[in-house]
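Given chain H, put chain E in place with the hints provided.
As a plain string of letters, each chain reads:
There are 2 protein chains.
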Amino acid sequence: MLRLRRSCQHFRQPFIKFLSTAVTPPPPPHLPLSHPTYIVWGSNTSVGKSLVSAGLASSFLLSDSPSQFLYLKPIQTGFPSDSDSRFVFQKISSLFQRRKAHLSLLASDHVLKASLPVLNSVSGCGIVNGNELAMCDLGRYEDQLLVGQESGIGSRLICKTMYAWKEAVSPHLAAERESGPVDDAVVLQSLQSCLTTGLEASGESDDAKTKAMCLVETAGGVASPGPSGSLQCDLYRPFRLPCLLVGDGQLGGISGTISAYETLKLRGYDVAAIIFADNGLANEVPLSSHLRNRVPVLVLPPIPADITDDLMDWFDSSRNVFDSLKEILLSAHSKKINNLREMPKKAMNVFWWPFTQHKLVADEAVTVIDSRCGENFTVFKDQGSEFMTQQFDACASWWTQGPDAALQTELASDMGYATARFGHVMFPENVYEPALECAELLLDGVGKGWASRVYFSDNGSTAIEIALKMAFRKFSFDHGIHDAQECNAEAPRPELMVLALNGSYHGDTLGAMEAQAPSCYTGFLQQPWYSGRGVFLDPPTVYMHGGKWYLSLPVGLQPENMMPESLFFCSRNEVFDEKRDSSDLAGIYSAYLSQQLSDSSKFNSLLGALIMEPVIQGAGGMHMVDPLFQRVLVKECKRQKIPVIFDEVFTGFWRLGCETAAELLHCAPDIACFAKLMTGGIIPLSATLASNSVFESFIGDSKLEALLHGHSYSAHALGCTAAAKSIKWFKNPQTNQNINSEGKSLRELWDENLVHLISSHPAVNRVVALGTLFALELKAYGPDAGYASQYSRSLLLKLREDGIYMRPLGNVIYLMCGPCTKPDICSQLLIKLRTRLDEFISESAESLKSCHS
Amino acid sequence: MLRLRRSCQHFRQPFIKFLSTAVTPPPPPHLPLSHPTYIVWGSNTSVGKSLVSAGLASSFLLSDSPSQFLYLKPIQTGFPSDSDSRFVFQKISSLFQRRKAHLSLLASDHVLKASLPVLNSVSGCGIVNGNELAMCDLGRYEDQLLVGQESGIGSRLICKTMYAWKEAVSPHLAAERESGPVDDAVVLQSLQSCLTTGLEASGESDDAKTKAMCLVETAGGVASPGPSGSLQCDLYRPFRLPCLLVGDGQLGGISGTISAYETLKLRGYDVAAIIFADNGLANEVPLSSHLRNRVPVLVLPPIPADITDDLMDWFDSSRNVFDSLKEILLSAHSKKINNLREMPKKAMNVFWWPFTQHKLVADEAVTVIDSRCGENFTVFKDQGSEFMTQQFDACASWWTQGPDAALQTELASDMGYATARFGHVMFPENVYEPALECAELLLDGVGKGWASRVYFSDNGSTAIEIALKMAFRKFSFDHGIHDAQECNAEAPRPELMVLALNGSYHGDTLGAMEAQAPSCYTGFLQQPWYSGRGVFLDPPTVYMHGGKWYLSLPVGLQPENMMPESLFFCSRNEVFDEKRDSSDLAGIYSAYLSQQLSDSSKFNSLLGALIMEPVIQGAGGMHMVDPLFQRVLVKECKRQKIPVIFDEVFTGFWRLGCETAAELLHCAPDIACFAKLMTGGIIPLSATLASNSVFESFIGDSKLEALLHGHSYSAHALGCTAAAKSIKWFKNPQTNQNINSEGKSLRELWDENLVHLISSHPAVNRVVALGTLFALELKAYGPDAGYASQYSRSLLLKLREDGIYMRPLGNVIYLMCGPCTKPDICSQLLIKLRTRLDEFISESAESLKSCHS
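Sequences listed follow chains H and E, in order. Per the numbering used here, the first sequence starts with residue 1, numbered consecutively. Per the numbering used here, the second sequence starts with residue 1, numbered consecutively.
Pulled out of the complex, with its shape left as it was, chain H reads as follows (with noise of 0.2 Å):
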């Protein structure tokens, strides 16, 4: 028999608190999969959202084994007269009732937080002033025990309302009008505390607790703006939870829905099941041909008219459908979740990673990566229990990666857009939109003053190739080779050379690694042709250490009567003032490449190019080159005629804080290589640029004198379509708050006082800030020194535990943001950091002691 044990309704006494408006990070979504979670979106306001989180609720509570149901409603417009968790409350509470279920059920609905107009217009509460514009906690809570006809545990459904505003407005107007806009990463995270909470907080067993679920329900359509202004399908995505979309079955209906549905899947999202009620119109069959029945579409009856209604009937003869579509969720759940936890072993079984020893890879040390949004990566651990949890991709996914989350939205719709008009169109003597746009946005950007031609290619290694060819025929045309060798195919060919600097890196492929030093990549094992063809000087480098900038020259660059205030700086700016062409260390660089350069005759070969990474060489452990070293270089090759080419594949795009390290160089190359950040850091594309006196060497009756080199996705139209947009993006102080006011350079996005800090550290050797890159050596000896060390591991691991993927290269590690990264999240990773960094000495200290006893 059905007893009502205790319907009660309190009001604490709202307390009012204003929200902080300095924006605060998204709090990294931690979220349990020890149970379904889903988010219901509609293809339109009132197709009937609530009425499927209610059904969806009666079939889960109202069977016969006890389970719990936890509905949100985090953003709720027109309160209190429309409530949708009130409403599911009392549907479930009368159909609880007209079922006579048997198992009890409490049943929960509670309002958090509200507008001042609710909170006048809710009785109870007395009218509250406040001139502020804010949301006030409002803890309305209800609750009742439904007693069912078998005494024993019962089920539990937790109704919340996260939200209320008073007027039946989309939330940003309400918002506007009643409480200012309330942030996102706020919304966010009080819907984290609710989901991660919510059925925890019930206390019910273990057993309890597997019989669960979770709906969070939007307010109006997919893209109706939340209380910030956002659209919801974009507030909504850190947490990218799995969709049931409620469609339209009405005329017009079809259209509605799949519009609302590949605005979902452009923001990542997956969708489940699309649900909705019958209109006689047959919507589902067209719908169900256009998915190509991947997504399940399941029809509801169609929904009394009559507002009066108290839809009892229409539930009921729904049970079957709402049944259904609650198996379809929990199997797709546990099909993710089963999918998830089999990854690690799938991987290790198919893939072959680059630059991976695979002896050294234990399963459970790969990671799976479920998304992005921005700079974070969100991963799934299973840990005794399965979470998705956050992690700042301190790689920048190996030095590509660039963009927030707003450019990556972007990027999605035009890379959905390019894909759509162009899919992809041959480039030689063709032109097409992207390319032309991407092509002037190098020349006036990057190539500005110097380049005038594009040459587009797939990535940095061949970038480079395309580079050496261009600059050996540039070489070979002023040097009077070129007409030697096209007057006589039997005229001996001279052995050109690159000039290069030790330490230096540019690519995989043959031609990329002939012109870079001997390393661990050139051995016999890894590339038997090697031969390493270039003169390879020590280039002086520059380095934070104890707060301090210091210099550091290679052996035959220390001259006796060097004064030691030549070998520091006060500050990062002295490194790249001009001022220093004129220092006494101008005239001892120029001398030492002229002997080098005039030396280097003695290989019996030519030196056809200088290929060189300005400011930082990056693979060859992150060190900055003296700028002034480099700059009295080009002069040198450039008096000589040697072609010039920069390396820009990473350090081009902001990486360094300017567009090009160039700048930072203060001269200009010949030929410059880009790729990496150029498309945003979301698909391979790279470009070589070059001045018209290199290309007009190429210039020639006949095709064979053309630059015979090409790729078959030689500027792609989805690569320079992401290329434009980015370049575009990464420049615009609208769009990249990190530009300052004259558009040349990021604001500096490391902390000075913290980068001091851990420049002093113990553990640390030295550290390089600059842009986007914050690099440090950790002091290492022996075996744990260079690439192939594992030293730093035991620090990464615990890095990740904090939050931070980082990947090392041997005994150096960095962070490395987008050009677009508030300042505030670098200097949170720069914090965590330092207290993993004492923890890290602190175990060696330890190990050591333990050596020694």
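Bear in mind the hints are in silico, worked out from the structure with no lab data behind them. Take the hints with a grain of salt, since some may be wrong.
Same chains, same names: a pair is fine if it fits in one copy or spans any two.
As the list claims (entries may be wrong) - Straight-line alpha carbon distances no greater than 20 Å define the calculated EDC-like cross-link-like pairs of lysine to aspartate or glutamate that follow: (1) Lys638 / Asp802; (2) Lys641 / Glu696; (3) Lys346 / Glu429.
Frame of chain H; chain E shown alone:
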């Protein structure tokens, strides 16, 4: 004074013509650009598309200068009670009178075709009986001349409904019930005819034509199905008309409008403006903000709710908005045309095209590609007047392209999704869904039976460089070199070379080039570092001539006692028959190869790998190598433990009719490289597959033993997503109708008779037709032959006029389609080619005659 001169309504006796059910390919859209043509979309049904059309027409026609306005409604349901074209016709007539227009106006409304129920319900037609469902000619025509205040040339309004159905439901339902589906191609053909003849047929002076505009109004929402069931946004896509989106000003309208906008962008459309009727919700504010002001958003006054309102006051109060809209659309059109016109010159100034002698390219030879749809380019032409035309991309955008229009749309959605979900995610030690799915599909498809690992990189060249590194390590392992090198850094480095075939091509990076024989790509002026590290064998080739397949043996492989019947084949199947293994020729090949391999020891170097393109040497000139020879070669290398690399960059993924060319050879490699078609041809990605024993040779205790080669975008999410979709799409008979019943090969795409005929053509030396490839070598001598030859130029220019875009390999030309291209399209290509060959030969004969005379 206004005077109604004529108002008549007459019906031609309807002639019931049953539409052909055979699918005819869509006509090449040849769209005039002399005046703007926009397509009007609604974010939902009943948002006021026709009101906007009428308002725009009024702004255009009721001005002080003569003008023409063409309004087209391709699909009308609910006819005759609903007729948007009559609505526009009537409202303009009423507004003409109300506003006391100066210039006279000839206005007409024409309904072309209708379903039988429409015919039967229209008075004056009598009852027509018809058992078969079909569309009938209705020919309902109405016009009137409205005389304005001034005499002289007037304006003209032409309204047309192309297809009308009676029931007021979605067109797919109405068609299903009343006429049967109408094929998309048929709708497009009618639309093209209306678009091209509509305004010209009016016979106005040239002057008046410059003030013309056309609107095409869709039915329902952007993704409402058309009369074939295809979504309208897909149906109209081949024309890619610029769009005007009528949004929704109601509650929920922000979401609906944004989603509809995204659906259009996801089809590659450009939206010139968004307009909607106000509802007091200021929906334009979040819309403009979301669109970052890139698309103008216009707001109309609220539409009167009273359905008896004649809307005259509303049109008056909307006048300014429609005037602004008109200006926006006109200026967007001229901006677009100007951009298109300037593109060739701009391209010539900034691009450096690969494989292109810029001196030989004239501005007018540059192809301006506006877009692609499936296998076709849409190309902008400026030949006196400007227009858009269609060209079949017979280069398959340089051998990469595979999608039909349906797959392109799917890929667009997938690329948006993958960008939104992942952007890019670094690969080493990580796993994410698309990379895993792609790797599993590769191992279960092209690598089935032999490969166990997938190494991802960016393009064919890098895949080859990786393959060579793998092979050399494996060889070193198997031949005792590995241990010697590992134990003793000072051990002499043996020289490793490849065994390869003359005429082969493996890419343009140095390592890939070193593995191919000297050619025009490898001279000193192209790549001074090239030395050719291989033993290069001349392979026997197979070709068709005069309808027969011939074997061509190289010098050194022509034994005296060979029977002449060994030198030709009855069919192509015989060429690939495994029974040939027991032929005399197999023995001859085997003896020859043993001899060559033992001879090669004289080079003082070791053959560390065999590398070859199975069956077809692509860039080398589309030569078919005798598969028996390649099979014998593979066996011999396996016997000698020389690792075998198949370069399937060109041949893989159905290019030659099977998923891999290895299937045609009936033997497996140790390592194979894939790229190009792998992603469906829209984005660069490559994979090097390896057997387990190759993988094992990199397993060790140190990272330094791992394969230290990688590119930042290894296994990038977009590429892997595209590859996974395309691999599945191409091999699934549901999505690719060319897949034969066993799922192992494509049906014959090139009509046998046509191929025979062309192979017998006097201009043709040889033909190869296999899978998606049809290649022919033109008879040419001296400088007309070879890679740098311009011999085929005039032929290919003519073919472009026929709508076929080809690019030569010197005197070798080819047609390449996608794995899903319909055979009848291939036949059309062959027919056009044959016709032009006839012209070509007679012109050659002419010029030869004039030379001799």
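Against the structure, the hints come out as follows:
| no. | hint | in the structure |
| --- | --- | --- |
| 1 | Lys638 / Asp802 | neither (49 Å within a copy, 51 Å between copies) |
| 2 | Lys641 / Glu696 | within (15 Å within a copy, 48 Å between copies) |
| 3 | Lys346 / Glu429 | between (45 Å within a copy, 12 Å between copies) |
In summary, the structure is inconsistent with hint 1 from the numbered list given earlier, while agreeing with all the others.
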